[in-house]
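So the protein sequences, as listed, match chains A and B. Just so we're aligned, residue 1 is where the first sequence starts under this note's numbering, counting upward by one. Just so we're aligned, residue 1 is where the second sequence starts under this note's numbering, counting upward by one.
Check before you lean on any hint, since a few could be wrong.
What the hints assert, rightly or not - Cβ pair distances, simulated, as ranges:
(1) Lys126/A to Pro81/B: 53 to 59 angstroms
(2) Glu102/A to Val261/B: 44 to 50 angstroms
(3) Lys92/A to Thr323/B: 57 to 63 angstroms
(4) Lys92/A to Glu599/B: 48 to 54 angstroms
(5) Tyr31/A to Thr323/B: 55 to 61 angstroms
(6) Glu100/A to Asp316/B: 25 to 31 angstroms
(7) Glu17/B to Pro156/A: 53 to 59 angstroms
(8) Trp135/A to Gly761/B: 37 to 43 angstroms
As the list claims (entries may be wrong) - Taking lysine to aspartate or glutamate and the EDC-like style, the derived pairs with C-alpha atoms no more than 20 angstroms apart in a straight line are:
(9) Lys55/A to Glu599/B
(10) Lys271/B to Glu231/B
(11) Lys55/A to Glu469/B
(12) Lys448/B to Glu365/B
(13) Lys522/B to Glu62/A
(14) Lys448/B to Asp339/B
(15) Lys589/B to Glu223/B
(16) Lys589/B to Asp50/A
(17) Lys589/B to Glu100/A
(18) Lys868/B to Glu898/B
(19) Lys55/A to Asp849/B
(20) Lys589/B to Asp609/B
(21) Lys55/A to Glu597/B
(22) Lys157/A to Glu365/B
(23) Lys55/A to Glu898/B
(24) Lys55/A to Glu713/B
(25) Lys345/B to Glu446/B
(26) Lys804/B to Asp849/B
(27) Lys589/B to Glu102/A
Honestly, the hints are just simulated from the structure, not real lab data. Remember, it's a predicted structure, so these values are computed and weren't measured experimentally. Ideal Cβ positions, reconstructed from N, Cα and C, are used throughout, including at glycine.
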Amino acid sequence: MCPGDVQSIESKGSEGVNPIAGRANDFLTIYIAGQLFGIPVLQLQDVLGDLNVSKIPLAPPEVDGSLNLRGRIVTSINVRRCLGLSERAEGKSVMSVVVEHEGELYSLTIDEVGDVLALKEDSYEKNPVTLDPKWRGVSLGIYRLDEELLIVLDVPKLINDLRI
Amino acid sequence: MDELIGEFITETNESLEELDVDLVNLEKDPNDRDLLSKIFRLMHTIKGTCGFLGLPRLEKLAHHAENVLGRFRDGDLEVTPPAVTLIFESIDGVRFILEGIEQNGEEPAGDDSDIIARLDAVYEGRALDEAAASDAKSDSIKLVGDKIPHEHDTDDSEVSIDDIMASNDLGVDDEDEDLDDSAEEAAALAKKNQPQAAGEESAAAKKTSIAAQSLRVNVDVLENLMTMVSELVLTRNQLMQIMRQQNDSEFTAPLQRLNHVVSDLQDGVMKTRMQPIGNAWAKLPRIIRDISVELDKKIELHMHGQDTELDRQVLDMIKDPLTHMVRNSADHGIEKPADREAVGKSPTGHVTLDAYHEGGHIIIEISDDGKGLSTQKIIEKAIANGLATADEIAEMSTQQIQQFIFHAGFSTAEKVTAVSGRGVGMDVVRTNIEKIGGSIELTSIEGKGSTFLIKIPLTLAIVSALVVEASGERFAVPQLTVRELVMVSEKSEVKIEMIKGSPVYRLRDQLLPLVYLNDVLKLKGYNAEPEVKASEEGASAEADGGSNVVDLKTHSEAQNQYIIVTQIGAYMLGIIVDRVFDTEEIVVKPVARILREIEVFSGNTILGDGSVIMILDPAGIARATGKEEGTDVGAGVEHVEESVQHDTAEKTTLLLFRAGDKAPKAVPLALVSRLENVNIDSVEHANNQMLVQYRGQLMPLLPFSASQEIPQEGNMPVLVFAEGKKSMGIIVDEIVDIIEEHVDVQMSGRDGVMGSAIIAGKATDVCDVTYYMSSVSNGWFDIQTSVGYDSDDVENTSEHARRKILLVDDSPFFRNMLTPLLSVAGYRVTSVEGAAQALELCEKGETFDLIVSDIEMPDMSGFEFAKKVKSEDSIWHDIPLVALTSHGAPSDLDKGHEVGFNKYILKFDRETLLDTLEETLASAARG
Chain A
1 MCPGDVQSIE
11 SKGSEGVNPI
21 AGRANDFLTI
31 YIAGQLFGIP
41 VLQLQDVLGD
51 LNVSKIPLAP
61 PEVDGSLNLR
71 GRIVTSINVR
81 RCLGLSERAE
91 GKSVMSVVVE
101 HEGELYSLTI
111 DEVGDVLALK
121 EDSYEKNPVT
131 LDPKWRGVSL
141 GIYRLDEELL
151 IVLDVPKLIN
161 DLRI
Chain B
1 MDELIGEFIT
11 ETNESLEELD
21 VDLVNLEKDP
31 NDRDLLSKIF
41 RLMHTIKGTC
51 GFLGLPRLEK
61 LAHHAENVLG
71 RFRDGDLEVT
81 PPAVTLIFES
91 IDGVRFILEG
101 IEQNGEEPAG
111 DDSDIIARLD
121 AVYEGRALDE
131 AAASDAKSDS
141 IKLVGDKIPH
151 EHDTDDSEVS
161 IDDIMASNDL
171 GVDDEDEDLD
181 DSAEEAAALA
191 KKNQPQAAGE
201 ESAAAKKTSI
211 AAQSLRVNVD
221 VLENLMTMVS
231 ELVLTRNQLM
241 QIMRQQNDSE
251 FTAPLQRLNH
261 VVSDLQDGVM
271 KTRMQPIGNA
281 WAKLPRIIRD
291 ISVELDKKIE
301 LHMHGQDTEL
311 DRQVLDMIKD
321 PLTHMVRNSA
331 DHGIEKPADR
341 EAVGKSPTGH
351 VTLDAYHEGG
361 HIIIEISDDG
371 KGLSTQKIIE
381 KAIANGLATA
391 DEIAEMSTQQ
401 IQQFIFHAGF
411 STAEKVTAVS
421 GRGVGMDVVR
431 TNIEKIGGSI
441 ELTSIEGKGS
451 TFLIKIPLTL
461 AIVSALVVEA
471 SGERFAVPQL
481 TVRELVMVSE
491 KSEVKIEMIK
501 GSPVYRLRDQ
511 LLPLVYLNDV
521 LKLKGYNAEP
531 EVKASEEGAS
541 AEADGGSNVV
551 DLKTHSEAQN
561 QYIIVTQIGA
571 YMLGIIVDRV
581 FDTEEIVVKP
591 VARILREIEV
601 FSGNTILGDG
611 SVIMILDPAG
621 IARATGKEEG
631 TDVGAGVEHV
641 EESVQHDTAE
651 KTTLLLFRAG
661 DKAPKAVPLA
671 LVSRLENVNI
681 DSVEHANNQM
691 LVQYRGQLMP
701 LLPFSASQEI
711 PQEGNMPVLV
721 FAEGKKSMGI
731 IVDEIVDIIE
741 EHVDVQMSGR
751 DGVMGSAIIA
761 GKATDVCDVT
771 YYMSSVSNGW
781 FDIQTSVGYD
791 SDDVENTSEH
801 ARRKILLVDD
811 SPFFRNMLTP
821 LLSVAGYRVT
831 SVEGAAQALE
841 LCEKGETFDL
851 IVSDIEMPDM
861 SGFEFAKKVK
871 SEDSIWHDIP
881 LVALTSHGAP
891 SDLDKGHEVG
901 FNKYILKFDR
911 ETLLDTLEET
921 LASAARG
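Let the hints inform the model, and build the full structure from the sequences given.
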């Protein structure tokens, strides 16, 4: 990652310019189908490799199944399906990031985990109006990085949208 | 020292410590209501508990302080700085007495009259300095006495009618109603232990501070601990499994130790959640006493097994159902003394509560020696509520009839008393008990009494479950719901049979409706290859933990299927799975919130091998397949079929046949009475008509189409249509299939054909049965005229002819099918395609003898339509209304009756339809 993007946590206050609450704008960056996304670090519990996921019949297609994370049951969500993307190519390794939502654990399957970045407030922008509606629903906005754009994933929204 | 007093001191000290922090704030804001309420509640609790524990000094102080605080809290009095000081002093006084009790086991000697006098002075609204001059102390006490009932009304949010009624004659005792939980427990224990309470204190016990011996722990902490222990158990199981495969290992001994320690730890943690069931019973003696006073009965309550412990969570959930049932027993069950004596019983009725452990469950028995359930009353009520018809009831056992009391809105009490009989009763009880995986059974002998047997799991956290497999996925089924397991193989004498695509099984002398788990869960390919099975067999043997192996596959060669027979209320359902593994103790965890709506699962769990599996909820599966409330197994079968039918759109079962040309023809199966193979040799000719002798009657035969070739020899398939005693046959070339399809007649028809529709992907002619019925010579069936063969028929038909029926159904197919059906039966039918058109007719002033309406209709549903029709200002107000529906969900049924439908009929049930119309018209004529 570009060192220019990194900013020390201390230098930032909690001036709430963007809708992401929290004391620091630290994000874990992830890649899904080549697109860079960010998840606020504060929501993060764990990053997992490939795990044994049991299927849940009758669950929405976006739910891959459930897995056991140290005695807690984690519901696995296929973010590609949530975003209306094509399926991951067979045999490619899978990563999951585990987030806690309303006291329950969910793992979001993604392609690749990047880095932890602290992002500048002034590089934040609202969703472009032309953004795919499906994406707009789960995006909290965009950060302009030097080389690419980072979409902030609205994890609670993503999960709540799956309620049957 | 008495254990109870110890507990009381611990609790009170904790509350006081909490208060210390807040008290400082009281100085700053003397009129802080929340804080005042808090102190008030504390004083109230102390006062109440002291009454039980026999601590008069503390009780008195707390009582007077409470009075004053009550007024402060209600805003009657302003909290002045001297008053704050007084509150502080009272609290210090309480603390002083508590310390004394803690040290010596009894209240310190001394007198609080000074502070009490000042408290009373404030209570009466006098300034503090006047207090010394007070001489009207007796008056003030009287005033206090008057004040109590008033406080009770306003303060206690939980106050019930009973409490208010009881408060008049119960003095101090009624105060325990609003004590907090812990005080209540203490009170219950106090009652129990009082005999031993005296003189057991040992000098040694007094030395250590009571407060240090027990502490309160947040349930979340315990919950968390529980999870960790569960995880530890799982890890232990994994290790043990590995150990079993390696015989000699240096780990054997330490692992054994670990095994024991973990087991003990698990037990220990479980114990922290356990409470004696007596806690849930504490209020019952009061309730029984109130009832006996109010209803002038003599009732004795006997309780056994109060010490039986069960999980707190379970305890909370059965508290209300238990109370309700005891109330019921006392109110409905026990007769008045005079009535009892008249039938030779002792005037005093007995209600007995019994709790005991039985194989991982707690059994609670509630029995009374009252009058038992009146089967006759239940039957009347069941018929009146439309829960069953007289015919159905005639076939039921007494036991089955008694089960009706578990239906919603069912109460046989003639009068609604304040105590019970509000009609929200046993159904709620049953639902609550089933929610925690329990079951309830009822045995009642009229005149002798009733016994309810409640079986509940010891804990909700860990249950024993059967692990099964369907389509390669594993699931857990709670053992509690499993009645038995049946294996069906190629060699089995009894096989799974199909009725119209729904599997059923002859289980001894009953027909058991079945569902394929793979179907319910929409899993692929439940007809797995036998080879795959065989190879998996070995794997499963390994996976079996060694204990409790359900060995069902000893002689299995070909594909076996296992039926898990589950009991859902009074109703049984078989779930077909591919394999059955093992029983395992599982830790039930709730499913993720986003998956809560999937009703077939009651939770999920982690197995010994670390994998996550879903826990099936048989009741949910039954609901998912469209029926839950089937009262007998036979009814259940029909419902299973139903469920398939209303999967998507309204579907009709059609008989497909060919006749004449190649194009497929279809006729609704419901209209066909029988299919026969008629030998051509038996066909006779009379009056230019083909006839055959059929069941002692003549039956005219018609070819489906004129162009059809009648075979010269052999058999020909005939569709038999019957109406009353008359029947006729239509000769066809070949019967092709029976399928379920949504029928949408698109092309208009010609003679004998109602129209064409796409059925099974092909354009198909839908047969118009009425055409054939009317074209049989001699007016064989009376459709327009009322000439019949025997006098009975004439009377019936002519009577019918006057009857006008309005048929409201959005589906043209149903209108087309039902109109001829009803015309054939002799009614004059007007059919409209929606509620709006029907209401137009109403405005025009048309009248009918009966209205038959569909429920699911666009624009306006049958329910709304019924509401309009039955509204006061409608001219159709008195016309009987019959609902026609493709599925009979119990909730729909209830709703239907609510909005004014007299009867509810399933669409495909022709016999019932005609019978019901007949009945409804007859009863309307009578009424």
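Each hint tested on the structure:
no.	hint	result
1	Lys126/A to Pro81/B: 53 to 59 angstroms	holds, 56 angstroms
2	Glu102/A to Val261/B: 44 to 50 angstroms	violated, 35 angstroms
3	Lys92/A to Thr323/B: 57 to 63 angstroms	holds, 59 angstroms
4	Lys92/A to Glu599/B: 48 to 54 angstroms	violated, 35 angstroms
5	Tyr31/A to Thr323/B: 55 to 61 angstroms	holds, 59 angstroms
6	Glu100/A to Asp316/B: 25 to 31 angstroms	holds, 27 angstroms
7	Glu17/B to Pro156/A: 53 to 59 angstroms	violated, 38 angstroms
8	Trp135/A to Gly761/B: 37 to 43 angstroms	holds, 39 angstroms
9	Lys55/A to Glu599/B	holds, 16 angstroms
10	Lys271/B to Glu231/B	holds, 17 angstroms
11	Lys55/A to Glu469/B	holds, 13 angstroms
12	Lys448/B to Glu365/B	holds, 16 angstroms
13	Lys522/B to Glu62/A	holds, 16 angstroms
14	Lys448/B to Asp339/B	holds, 13 angstroms
15	Lys589/B to Glu223/B	holds, 11 angstroms
16	Lys589/B to Asp50/A	violated, 23 angstroms
17	Lys589/B to Glu100/A	holds, 16 angstroms
18	Lys868/B to Glu898/B	holds, 13 angstroms
19	Lys55/A to Asp849/B	violated, 56 angstroms
20	Lys589/B to Asp609/B	holds, 17 angstroms
21	Lys55/A to Glu597/B	holds, 16 angstroms
22	Lys157/A to Glu365/B	violated, 49 angstroms
23	Lys55/A to Glu898/B	violated, 42 angstroms
24	Lys55/A to Glu713/B	violated, 59 angstroms
25	Lys345/B to Glu446/B	holds, 14 angstroms
26	Lys804/B to Asp849/B	holds, 5 angstroms
27	Lys589/B to Glu102/A	holds, 15 angstroms
Comparing the model with each earlier hint shows violations of hints 2, 4, 7, 16, 19, 22, 23 and 24; every other hint is respected.
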